[in-house]
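Asks: These protein sequence lines are chains G and V, in that order. Read in our numbering, the first sequence has 180 at position 180, and its numbers run on one by one without any break. Read in our numbering, the second sequence has 122 at position 122, and its numbers run on one by one without any break.
Read the hints as simulated data drawn from the structure, not as lab findings. Among the hints, erroneous ones may be present.
[Unchecked claim] To give an idea of the interface, some chain G residues facing chain V are shown, with a C-beta separation under 7 angstroms as derived from the structure:
1) T2
2) G29
3) T30
4) Q35
5) L153
A virtual CB, placed ideally from N, CA and C, is assigned to each residue, including glycine.
Spelled out from the first residue to the last, the chains are:
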Amino acid sequence: MTHAWSARTLDEALRLRADHPEALILAGGTDLMVQRAAGGLDPAEVLDLWSCRELAAIEPEAGGLRVGALATWTDVAAHPAVPAVLRDCARTIGAVQIQNRGTVGGNIVNASPAGDSLPVWLALDARFEVASVRGARRVAAADFFRGYRQVDLAADEILTAVHLPAPAPGEVAAFRKVGTRRAQSISKVVFAGRLRLDGDRVALARLAFGSVAPVPLRAVSAEAALEGGPVRPEAADAVLQDIAPIDDVRSTARYRARVAVAVARAWLRDVAGAGA
Amino acid sequence: MSDPTRPGGSPPEPPRSRGPGRGPASEVVASFLVNGEAVRALVPATRTLLEFLRDELGLTGTKHGCDLGDCGACTVLVDGVPRLACLTLVAELEGAAVTTVEGLAADGRLSPIQDALDRHGAAQCGYCTPGIAVNLTALLAEEPHPDDAAIREVLGSNICRCTGYTRILDAAREVAGGGQ
Numbered sequence: 001m002t003h004a005w006s007a008r009t010l011d012e013a014l015r016l017r018a019d020h021p022e023a024l025i026l027a028g029g030t031d032l033m034v035q036r037a038a039g040g041l042d043p044a045e046v047l048d049l050w051s052c053r054e055l056a057a058i059e060p061e062a063g064g065l066r067v068g069a070l071a072t073w074t075d076v077a078a079h080p081a082v083p084a085v086l087r088d089c090a091r092t093i094g095a096v097q098i099q100n101r102g103t104v105g106g107n108i109v110n111a112s113p114a115g116d117s118l119p120v121w122l123a124l125d126a127r128f129e130v131a132s133v134r135g136a137r138r139v140a141a142a143d144f145f146r147g148y149r150q151v152d153l154a155a156d157e158i159l160t161a162v163h164l165p166a167p168a169p170g171e172v173a174a175f176r177k178v179g180t181r182r183a184q185s186i187s188k189v190v191f192a193g194r195l196r197l198d199g200d201r202v203a204l205a206r207l208a209f210g211s212v213a214p215v216p217l218r219a220v221s222a223e224a225a226l227e228g229g230p231v232r233p234e235a236a237d238a239v240l241q242d243i244a245p246i247d248d249v250r251s252t253a254r255y256r257a258r259v260a261v262a263v264a265r266a267w268l269r270d271v272a273g274a275g276a
Numbered sequence: 001m002s003d004p005t006r007p008g009g010s011p012p013e014p015p016r017s018r019g020p021g022r023g024p025a026s027e028v029v030a031s032f033l034v035n036g037e038a039v040r041a042l043v044p045a046t047r048t049l050l051e052f053l054r055d056e057l058g059l060t061g062t063k064h065g066c067d068l069g070d071c072g073a074c075t076v077l078v079d080g081v082p083r084l085a086c087l088t089l090v091a092e093l094e095g096a097a098v099t100t101v102e103g104l105a106a107d108g109r110l111s112p113i114q115d116a117l118d119r120h121g122a123a124q125c126g127y128c129t130p131g132i133a134v135n136l137t138a139l140l141a142e143e144p145h146p147d148d149a150a151i152r153e154v155l156g157s158n159i160c161r162c163t164g165y166t167r168i169l170d171a172a173r174e175v176a177g178g179g180q
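Could you build the full structure based on these sequences and the hints that come with them?
Replies: Given below as structure tokens:
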């Protein structure tokens with residue numbers, strides 16, 4: 001028998017979390033309910049956060065945008081202040097019913113290597129806000145994913161929001177997803193890129209991938225190959241030094257490696273062409 | 001099945017809740033509407049809306065497909081928004097209004113999209129059809145004249161492996177009035 005608690009406010013949620021650190025957190029249920037139905041999960045305790053509507057807000061803040069952890073992908077796709085790269089990502093997650101229910105925070109904490117939004121947070125240098133009865137802290141997205149489905153979250157902590165820095169002048173960003181089908185498919189390769197251009201020179205590069213390693217990651221070798229020079233599409237070849245894809249039911253390591261490079265190269269070619 | 005990453009043993013038996021939001025609860029009470037009729041459910045905390053509709057209310061129009069949020073066969077409306085009944089807990093429905101395919105017809109007459117799906121012969125095995133009718137109902141309520149791209153995007157979440165979607169699209173286009 002599963003025991004369930006439902007919190008209406010963040011304060012209530014944090015107190016329940018402190019008292020029940022073993023409870024699995026339920027937000028939109030699009031991962032937890034699936035894992036349960038598939039037989040891999042039979043939690044003794046569940047803490048339902050869906051009613052904490054204060055955590056669903058998306059609002060501009062000084063220096064950027066705060067996206068509440070319970071914002072759904074439908075909320076994200078519809079909000080005018082959300083950067084296009086994140087809106088594009090939101091529209092590819094599952095399909096309409098999943099987008100109505102799946103949440104930003106759920107995608108992050110579930111930490112699937114194939115989580116569609118995770119490369120976007122990495123590419124945008126997002127910071128995650130986590131809270132407990134002890135207080136709140138922020139952690140860079142790049143430091144949050146520590147291993148296969150392992151995240152930097154203590155037993156009494158809840159992810160409460162994502163902070164996105166406002167784009168600097170000269171920035172371009174894009175999202176790409178490769179799956180079997182346009183809707184309702186788990187990614188074979190998922191990519192988010194961001195470049196800050198200073199004239200023809202790449203001042204900052206972020207190339208982030210999912211589904212090509214046990215964790216979502218930035219291709220730091222390829223980023224280094226780009227920074228300081230012009231937009232060179234062939235710099236994407238260095239992505240192979242950063243990723244560690246595997247063979248599984250959805251694809252092969254060889255396919256994923258080739259497609260990861262090709263997706264990044266094609267985007268860099270688009271950026272270089274647009275600037276010419 | 002136990003999660004190997006968690007210590008064994010059950011937590012002490014908590015008192016039963018008097019409703020959602022007052023946990024802890026092994027069973028929950030939720031009062032909500034199903035197709036306009038008031039329902040009061042006393043169910044285990046993990047009972048899904050799909051199980052409840054089919055097994056307790058006998059509303060079997062909502063189909064049990066994949067249980068994994070992939071196929072769209074169990075699509076229902078919760079406060080007018082398309083949701084997957086297999087991923088929705090009864091416990092969270094306090095005060096909500098649920099509409100299933102059985103609630104689309106009014107006064108014994110099929111809704112416009114049901115009627116169009118019927119006349120276009122847009123079903124073969126029919127298992128996906130209730131979910132499609134419900135999902136298109138929500139689209140047409142929000143946007144009475146969706147274009148083809150909008151119809152296709154919404155239908156992306158309803159897996160049909162019989163028809164190739166052609167007649168489903170024909171029916172939706174007819175109700176949408178040619179996508180004006």
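Asks: Does each hint fit the structure? Answer for all of them.
Replies: Okay, the hints, checked on the actual structure:
no.: 1; hint: T2; verdict: holds, 5 angstroms
no.: 2; hint: G29; verdict: holds, 5 angstroms
no.: 3; hint: T30; verdict: holds, 6 angstroms
no.: 4; hint: Q35; verdict: violated, 9 angstroms
no.: 5; hint: L153; verdict: violated, 14 angstroms
Violated hints for the displayed structure, listed by number in ascending order: 4 and 5.
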